[in-house]
Structure formats: structure tokens, C-alpha cells
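Student: So you can see what is in the structure, the chains are spelled out below.
2 protein chains.
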Amino acid sequence: MQFDINQFVPGHSVDCVILSFDNEGLKVLVMKWKGPEMFCLPGGFIRKEEDLDKAAVRVLLERAGIDLPFLEQFSTFGRADRRDDSSLAHNIKMLKLPKATMQWFEQRFITTGFLSLVDRNKCNPKPDLMSESIGWYTIEELPNLIYDHRSIVEEAIQYIRNQINYLPIGITLLPEKFTMKELQHLYESILERKLDRGNFQRKMLKLGIFNRHEKQLEGGAHKAPYLYSFDREKYQNLLEKGIGFVS
Amino acid sequence: MQFDINQFVPGHSVDCVILSFDNEGLKVLVMKWKGPEMFCLPGGFIRKEEDLDKAAVRVLLERAGIDLPFLEQFSTFGRADRRDDSSLAHNIKMLKLPKATMQWFEQRFITTGFLSLVDRNKCNPKPDLMSESIGWYTIEELPNLIYDHRSIVEEAIQYIRNQINYLPIGITLLPEKFTMKELQHLYESILERKLDRGNFQRKMLKLGIFNRHEKQLEGGAHKAPYLYSFDREKYQNLLEKGIGFVS
Chain E
1 MQFDINQFVP
11 GHSVDCVILS
21 FDNEGLKVLV
31 MKWKGPEMFC
41 LPGGFIRKEE
51 DLDKAAVRVL
61 LERAGIDLPF
71 LEQFSTFGRA
81 DRRDDSSLAH
91 NIKMLKLPKA
101 TMQWFEQRFI
111 TTGFLSLVDR
121 NKCNPKPDLM
131 SESIGWYTIE
141 ELPNLIYDHR
151 SIVEEAIQYI
161 RNQINYLPIG
171 ITLLPEKFTM
181 KELQHLYESI
191 LERKLDRGNF
201 QRKMLKLGIF
211 NRHEKQLEGG
221 AHKAPYLYSF
231 DREKYQNLLE
241 KGIGFVS
Chain R
1 MQFDINQFVP
11 GHSVDCVILS
21 FDNEGLKVLV
31 MKWKGPEMFC
41 LPGGFIRKEE
51 DLDKAAVRVL
61 LERAGIDLPF
71 LEQFSTFGRA
81 DRRDDSSLAH
91 NIKMLKLPKA
101 TMQWFEQRFI
111 TTGFLSLVDR
121 NKCNPKPDLM
131 SESIGWYTIE
141 ELPNLIYDHR
151 SIVEEAIQYI
161 RNQINYLPIG
171 ITLLPEKFTM
181 KELQHLYESI
191 LERKLDRGNF
201 QRKMLKLGIF
211 NRHEKQLEGG
221 AHKAPYLYSF
231 DREKYQNLLE
241 KGIGFVS
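Those protein sequence lines, which keep their order, are chains E and R.
Take the first sequence: its letters are residues 1 to 247, numbered as in this note's numbering.
Take the second sequence: its letters are residues 1 to 247, numbered as in this note's numbering.
Bound conformation, chain E alone (with noise of 0.2 angstroms):
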């Protein structure tokens, strides 16, 4: 591993969740060390002279190759024991590391969380060089994460939860054509609750955001649901004073 221990900011690290949608669910980018069984988000360090959310787009962009002009900070982990881990402290022994890396890596760090929701249609994660792989696993079938990288994750959930009516959770996480079922799936999938499809389709066709488009004529045509796009500056005006849709 080529690592200049010197152009970093000891002891502060960045960790990124970025979240995609599928018909499976919420998913969650995670990377596979090579070597020991040990999967982690994508996270580094922050430079010397860099702003720390520059350092988070630059570290989504080498480690995962995504590039994204922003990522949202959500909270910082400052657990004293967030690293402790033991089978981990010996797999990253076996890695034999030069003696500084492994100092550096054994301090203390404390880490800033960033989050973004990104249509999965348009974002090709490539793992990088200490990397084995990298790829999107729903929550409920997250592999072992290695230090607090888990509750890092959850935070985030329940941060984009918190947040619903103010994220532009349909727009970055829906591909540009979708039905009011993906839709209604996708806020079920944030919020763990079934929500009432009558309801749901009422109160959202309201807030008069969308676009209708014409059905694709097909054998039993009538059967197919429409497809919806954000109408994306109305969308973006009720953002502004909150997408209140979900109580």
C-alpha cells in the first residue's frame, strides 16, 4: 500500500454512505478489503490543506470512482472505543503494514459521516487498488461491517428518515420514469412502515410535482400503471419549504 502518512490530518477520517434503490430495497455501498474477510464504507483520511467535505468527494471518488459535486454531512463519531475490534487489529497485523503505517492507522480516529442518494441507473462504483470489491447490499443483508461502520450506517438511515420531507429522496434515488408503486416503495423502504396505497398516491398526485406520462401501448394496456417524472422546479420549490407529506 502506497501511503504518505505525512500529507494527512492525523486522527479525523471521512466515511461515506451512499445510498442507491432497486425493487429490493434501500441499498448501501460497501467495499471488500483484498485479503481478510473485512468490508468497510468507503472512507480515508483528509489532507493537509483540504476542506473536510472536499475530502469526502475526493475519497468517494478514488476509493469508489464516483464522482459527486457534493456529499451531505450528517454526524461525527468521537466513540473513544469505536475501533476497538480484535480480530480486525490482528487481520490488519497480517497485512504487514511498515511500521509508521501501522501506527498511523492504530491511533485514535474520530469520523465525519457524509451521505448521498444516487440513481442507481447512473453510478458504476469501481473498487480500488486495496479493494477486492464493492457493491450494493440491502440493509437486512449487510455483511459484517468493521468498526462502528454499521451504526454509521443506521445513523444515516435514520437521518434521510428524519429528514424525508426535506431530501429530494424521490428525485436522486428514482431512475426519471417510475410508478407511483416504486414510489410509495421507495418511502416504505426509508421509513420500515407499510404505507396505505390509496392514501399514499392521493397525497402525493396533490402536491402536484409530477409529470403523467402516456402508457406504453402493450397487450393489456389498461393494466399498466402510468409512469410519473418530477416535475423538477416545482419539485424543487416545495423542497424548499418541506415536502410535507409524511407525518
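Heads up, some of the hints might be wrong.
Copies of the same chain are indistinguishable here, so a pair counts whether it falls within one copy or spans any two.
[Stated by the list, open to error] Think about it this way: if two alpha-carbon atoms lie no more than 30 angstroms apart in a straight line, the pair counts; the simulated DSSO-like pairs of lysine-lysine are:
no. : residue 1 : residue 2
1   : Lys93     : Lys215
2   : Lys93     : Lys48
3   : Lys96     : Lys234
4   : Lys122    : Lys54
5   : Lys177    : Lys34
6   : Lys215    : Lys203
7   : Lys93     : Lys181
8   : Lys241    : Lys34
9   : Lys122    : Lys241
10  : Lys54     : Lys223
11  : Lys203    : Lys234
12  : Lys194    : Lys34
13  : Lys241    : Lys126
14  : Lys99     : Lys241
15  : Lys181    : Lys234
Hints in this document: simulated from the structure, not taken from any laboratory.
Chain E is already provided as a structure; the job is to place chain R on it using the hints.
Tutor: Here is chain R on its own, set in the frame of chain E:
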């Protein structure tokens, strides 16, 4: 200044935005250093074995004499230039600190902001040994604060504004008994806009979270406003769902 830098995590600090409310509006707790004309938030460092959130609680107690069980983390400030301030550097040099202590202060710090809303009548801040005074300032009358402390204050208030339906604004900031006019003034101070009186009272009272108390019998008593207090249980239950009052 007695200060053993070896006890602390390098490069990371905590700063506390403590807000109270009185008839002049929302106020923030600010300390003035002994000697140079410098004002700052109560802040400090994290002990090597100490959790980040516990550090905030200890720092607030040590520096401001305020003992709170919990402070809410709202954001971490990590601009690389957040502590660049040549006049401040000059003032710090005048303090003639030991060289190692100087170097400690000159390193880059990332700081995590914590906030709390307190009842002015139950909270008596006292300055620590490093400070000449500590006091409450309205946002309009804030003195020049060091570093990025002013934007830390502004971001704290923005956070409260965004969370106004989910934070226990009234129950923490107001005295036990209050008038609807005081409650409205509190909301107006946070939102920085006027609210319609009739509309405010009607919506608030509809929430069913208040106890109404007998008017004090005085001269012209029929004109005296009703005093209210919060029904703590109902308030708490509603808060979990969001006091969906402001939209």
C-alpha cells in the same frame, strides 16, 4: 495557563452553542478571554480516553459552569482555513505560552459543534480561569467572535429552524409558565419572521399539549393574558411524531 497537551486528542475540538430566550429574543452564550479583546464560544479539547459527546458535556461544565446531561451534536466544521486570523495569532503570541502549548494551538483543528437550549432562569453560567466574563448576547449584538465561531452560531440556529417541529423548543427555552405571546415571540425569534397572532394561537392550542392556568386577579385582570404550561407527557408524545406546526 495550566494545560497538559498530552492528555488530549490532537487536532479535534468541541464548541458549544448554548441558547436561551428572554423578552429580548434568542440569546447565545459567549465568553470573553482575559486580556486580549477576544470573544468565543465555550469550547475545548477531547481527552484521549473520552467519547466526543462526553467531552462536550465536560467542556461546557469546566468552561461555563453549566452542568447538562446531554448536548446535541449538529455539525462538524472542517474548513482548512477556519482558524486563519492574523490579529488573533498576534494576540495569542502576547499570551507568552510555553512553546509546546503554542504549537498545540497552532495546529489545524476540526471542531464539532454541540448545542443545547436552556431555560435562562435555571442556568447560571460562570466564567472559567481563562475568561474575564461570560454572558448572553442576542444574535444582532454578538461581538466579533474568533475563528469561524460566528458561522458555528449561525449554523446552530439554522439547524434549530430546520428541526423546529422536532426539537423541544418551547419546553426547554421558556419558563414553567408562559403566555401565548411569549411562545409566539420564541417561534418568531427562531424563524426570523413574523407570524400571524390569531393563526398561531389557534394552531398551537389545537395541538392539545398545554395546561391553561387561572388568571392572576389584579386590577384590569380581564385584560391579563392566560398563562400556560406544557403537559410534559402529551408534549413528548407529540414531539416524537413531530410538532407539525410550522410549515
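Student: If a hint holds in the structure, say so; if it doesn't, say that too.
Tutor: Hint-by-hint comparison with the structure:
Within a single copy, Lys93 and Lys215 get their C-alpha atoms no closer than 59 angstroms, and across copies no closer than 72 angstroms, so neither meets the 30 angstroms cut-off. Taking the shortest alpha-carbon separations for Lys93 and Lys48, both the intra-copy value of 27 angstroms and the inter-copy value of 23 angstroms come in at or below 30 angstroms. Taking the closest pair of Cα atoms, Lys96 and Lys234 never come within 30 angstroms of each other, the shortest separation being 55 angstroms inside a single copy and 58 angstroms across copies. Only within a single protomer do Lys122 and Lys54 lie at most 30 angstroms apart by alpha-carbon distance; the minimum there is 22 angstroms, versus 41 angstroms between protomers.
Taking identical chains as interchangeable, the C-alpha atoms of Lys177 and Lys34 are never at most 30 angstroms apart, the minima being 38 angstroms within one chain and 62 angstroms between chains. In this homomeric assembly, Lys215 and Lys203 come within 30 angstroms of each other (Cα to Cα) only inside a single copy, at 22 angstroms, whereas the closest approach across copies is 43 angstroms. Proximity of Lys93 to Lys181 under the C-alpha cut-off of 30 angstroms is found in neither arrangement, the shortest distances being 49 angstroms within a copy and 64 angstroms between copies. Taking identical chains as interchangeable, the C-alpha atoms of Lys241 and Lys34 are never at most 30 angstroms apart, the minima being 46 angstroms within one chain and 44 angstroms between chains.
In this assembly of identical chains, Lys122 and Lys241 lie within 30 angstroms of each other by CA distance solely inside one copy; the values are 28 angstroms within and 35 angstroms between copies. When the C-alpha separation of Lys54 and Lys223 is checked against a cutoff of 30 angstroms, the pair qualifies neither within a copy, at 48 angstroms, nor between copies, at 58 angstroms. Taking the shortest alpha-carbon separations for Lys203 and Lys234, both the intra-copy value of 16 angstroms and the inter-copy value of 27 angstroms come in at or below 30 angstroms. With identical chains, the CA atoms of Lys194 and Lys34 are never at most 30 angstroms apart, being 39 angstroms at best within one copy and 58 angstroms at best between copies.
Proximity of Lys241 and Lys126 under a CA criterion of 30 angstroms is satisfied in neither setting, with 37 angstroms inside one chain copy and 40 angstroms between copies. Proximity of Lys99 to Lys241 under the C-alpha cut-off of 30 angstroms is found in neither arrangement, the shortest distances being 53 angstroms within a copy and 52 angstroms between copies. In this assembly of identical chains, Lys181 and Lys234 lie within 30 angstroms of each other by CA distance solely inside one copy; the values are 21 angstroms within and 35 angstroms between copies.
In this structure, the hints that do not hold are numbers 1, 3, 5, 7, 8, 10, 12, 13, 14, in rising order.
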